[in-house]
Amino acid sequence: MSTLTADDLRARVADLLAAHPPQSTDRLEFLRARFDAGLAWVHYPQGLGGLDAPRELQNVVEAELAEAGAPDNNPRRIGIGLGMAAPTILRFGTDEQKKRYLRPLWTGEEVWCQLFSEPGAGSDLAALGTRAVRDGDEWVVTGQKVWTSVAHIARFAILVTRTDPDVPKHQGMTYFICDMTDPGVEVRPLRQLTGEAEFNEVFLSGVRIPDANRLGAVGEGWKVAQTTLMNERVAIGGNAIPREGGLIGMVARTWRDRPELRTPELHDRLLKLWVQAEAARLAGQRLRQQLAVGAPGPEGSAMKLAFANLQQALTGLEIELSGEDGLRYDDWTLRRPEKVDMLGRGPGYRYLRAKGNSIEGGTSEVLRNIISERVLGLPSEPRVDKDVAWKDLPR
Amino acid sequence: MSDLLYSEVEEDLRASVRDLLADQAGFSAVLARTESAEPYDLKLWRTLAADLGLAGLAVPESLGGQGASYREVAVVLEELGRSVAPVPFLGSAVLATAALQAAGDEELLPRLAGGELIGALAVPLTLAPDAGFPGGVEANTEGALSGTIRTVADAPVADVLIVPAAGPDGPGLYAVEKTAATITEVVSLDLTRRLADVTLDNASSRLLAGPDRAAAAVRRALLAGAGLLASEQVGLAQWCLDETVAYLKQRYQFGRPVGSFQALKHRLADLYLEIVSARATARYAADALANDIEDVPVAVAVAASTCSAVALHAAEETVQLHGGIGMTWEHPAHLYLKRAKSDELALGTPGRHRAALAGLVNLPPA
Ligand SMILES: Cc1cc2nc3c(=O)[nH]c(=O)nc-3n(C[C@H](O)[C@H](O)[C@H](O)COP(=O)(O)OP(=O)(O)OC[C@H]3O[C@@H](n4cnc5c(N)ncnc54)[C@H](O)[C@@H]3O)c2cc1C
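Keeping their order, the protein sequence lines are chains A and B.
Sequence positions in the first sequence follow full-length UniProt numbering and run 1 to 395.
Sequence positions in the second sequence follow full-length UniProt numbering and run 1 to 366.
Keep in mind that the hints are not guaranteed to be accurate.
Residues of chain A clear of chain B, computed beta-carbon distances all greater than 12 angstroms [what the hints assert, rightly or not]:
hint: 1; residue: Asp-7
hint: 2; residue: Arg-32
hint: 3; residue: Thr-142
hint: 4; residue: Ala-280
hint: 5; residue: Ser-301
hint: 6; residue: Gly-356
hint: 7; residue: Ser-372
hint: 8; residue: Glu-381
Which bits of chain A does chain B cover? Going by a derived footprint, with three or more residues having C-beta under 8 angstroms, they are [stated by the list, open to error]:
hint: 9; region: 36-48
hint: 10; region: 102-109
hint: 11; region: 318-331
Don't read these hints as lab results, they were simulated from the structure.
The beta-carbon is built from N, C-alpha and C at its ideal position, and this holds for glycine as well.
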């Protein structure tokens, strides 16, 4: 790690702004320049958008650039790329792969999606059956993925496949980068309970992926996928937010502005949730402080669970607090959004969408298993699938 | 931004307190004491208070203390909560000391801070920080106090009582020697925290603070008390979780460790999540008190309401998940349950703190 200080970074930001004034520079050009200056994600290596600097200095960069009115890279739209594909490529990718993929990923030129879940493999991801068969320098991939968020706008995907059905399920997998424009990739919208189709079904029929697009060794796909999933959960603990940031602020404002909607029982619940939101905010802050001093506590795995609980309780309360308006919905048309828009839509949407918070990225039940086994060290349930070849498993 | 972690100094302090408590306040010793004539371990108290200097941790050195801060006091309380140690730390080192400090007293404070005297703040332990100046005791023009205060923490062992009373010119804070008061110990739900009713009948006193300062001093003491009690509750909850996890790993039923049943694992995972949140709120309250920032009342209300509920939940789960053994007198669980339930009432219930918060953050009632 380099010995850069906050002031060094401020100076670098000033240089960037001087060479590329945000007001007169094209958005994409600015983002590329920012990446090349190592100010994209400062903890990444030099030459790959970073400066090998301590992770917490990113906040300094963000604050300075926001102050200067610089364009952002629209992190929500590229959440999967940023949160999951990038750290996995950084850890397992070849030099060529890193050079090729990281910059357009970060600037948002290329959106990424995650081809993990299958109809028969959700929580039990290691059960997946999408086959990849080697053919010279290429792999031929056939199978079906499901619940694939933003696949309709994605240029690339991180993809886990089965390459050896004759060994136990965790051993026979291989991880690839899949070009979503390749022949044989078909994306079909999958409408969800909110009315929109944020996720998709993806059919892979004889898709030919060059071996150069493999991430990690053949048969080591599970190990690579673990990196992706761990990063997924850490990403949720995310950014520093002010008190009443997010949904709680929205509900608190309604409470203040609409006295006619108040009841004693709602007051009780609102106060409890206010406290819960503040506690979660402080716990997130504490987690980031631990990460910053290089002592990541196991608290991280708890944050996503806390977030889901809170979002669901809050959105439920918000509808009740909406009076007659709680019976209305803003828009049922089938849309294919580019990102989740929690704050831009109505309470009904928020209530329905929040139901996904305890399913996407690992269900709350699975997270409780992880906390109890990996954090608390409780014994696992007896397993029937450990030493059985994948092809012999009941499904 | 508030530092919510523990510093190295704080971790060292924790280690030395934990070692001492492991050595001198083991469960059987604590339990044996609860049934003896002296439920408090005053030898342990002297070691903590005088030898280690913990009674005046947050008091400036010039006033006989250690010149540390409430952050360190909070760490000590975590450890005391972990071992439900039978010592008058909350009453003397926190409540009475904070009141004296806020009143600007320089006579008694060094003696409490040095562990020479034990003090008690003569208010019902249930009093919440926003409750207003307590009634019940009056001072006449000669400074003689009369009245009764029920359920005062640590009063049975106090050498001196710090008494809020209505004086001739308004609220006042007075010091009363134990010999001038009638202190009647009551049977406490929490076997490790002693309580007494205090009756004053023309008791002679010394004025510590008059109308200009007395109410603020009491409020400050109660805020510090409630905000730091949260750390005691975090320590208690963590012990409960650790102990229960350890037990469920080694207890076999149906041919496997009980801790491998998902129904139980999920309950413990939820408890872990609660403790992660509780710890963050308790750290924030301690840091806010240490730096005396404007946000103290909010920080305290959030920590007090969160940590009370979490500690109680942890203790109740501990009894339940230990099965029959958890119901016995010989197993430590009950001491934690009794402390947790009592702490829930101490210095304001969770509901009371949330009601205070409603005013502080502008979420008015219906
Ligand atoms: C909005 C949204 C977006 C998504 N985006 C993507 C994406 O982009 N890419 C992608 O690959 N996937 C995506 N997913 C899929 C998601 O990861 C899976 O839905 C999730 O892992 C659960 O799998 P499943 O749906 O098959 O449920 P199942 O695994 O069938 O679970 C059914 C129920 O059983 C419970 N359960 C399962 N196993 C256990 C166990 N061992 N112990 C206790 N309970 C258990 C579950 O918690 C759940 O309640 C998305 C999902 C949603 C809702």
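(message) Please verify that the nearest CB of chain B lies beyond 12 angstroms from Asp-7/A's CB.
(response) 18 angstroms, holds
(request) Confirm or reject the coverage of the region 318-331 of chain A by chain B under the rule of 3 or more residues with a beta carbon closer than 8 angstroms to the chain's beta carbons. (result) violated (count 0)
(message) A cut-off of 12 angstroms on Cβ-Cβ distance, and Ala-280/A was said to be off the interface with chain B. Does that hold?
(response) It is violated; Ala-280/A is separated from chain B by about 6 angstroms at its closest Cβ, not greater than 12 angstroms.
(request) Count residues of the region 36-48 of chain A with a Cβ under 8 angstroms from any Cβ of chain B, then say if the count reaches three. (result) It is violated, with 0 qualifying residues against the three required.
(request) Confirm or reject the statement that Ser-372/A sits farther than 12 angstroms, beta carbon to beta carbon, from all of chain B. (result) 4 angstroms, violated
(message) The output says Gly-356/A does not contact chain B. Does that hold with a beta carbon cutoff of 12 angstroms?
(response) 20 angstroms, holds
(request) Check, residue by residue, whether the region 102-109 of chain A contains three or more positions whose beta-carbon lies closer than 8 angstroms to a beta-carbon of chain B, and give the verdict. (result) Our answer is that it is violated, as 0 residues pass the Cβ test (under 8 angstroms) against chain B, missing three.
(request) Just double-check Arg-32/A for me: nearest Cβ-Cβ distance to chain B has to come out over 12 angstroms. (result) 32 angstroms, holds
(request) Against chain B, does Ser-301/A hold up as non-interface, every C-beta pair farther apart than 12 angstroms? (result) 9 angstroms, violated
(message) According to the definition I'm using, a residue is off the interface if its beta carbon is farther than 12 angstroms from all beta carbons of the partner; does Glu-381/A meet that for chain B?
(response) 6 angstroms, violated
(request) Could you check that no beta carbon of chain B comes within 12 angstroms of the beta carbon of Thr-142/A? (result) The claim stands: Thr-142/A keeps its Cβ more than 12 angstroms from every Cβ of chain B (closest is about 35 angstroms).
The structure fails hints 4, 5, 7, 8, 9, 10 and 11 (numbered hints given earlier, in ascending order).
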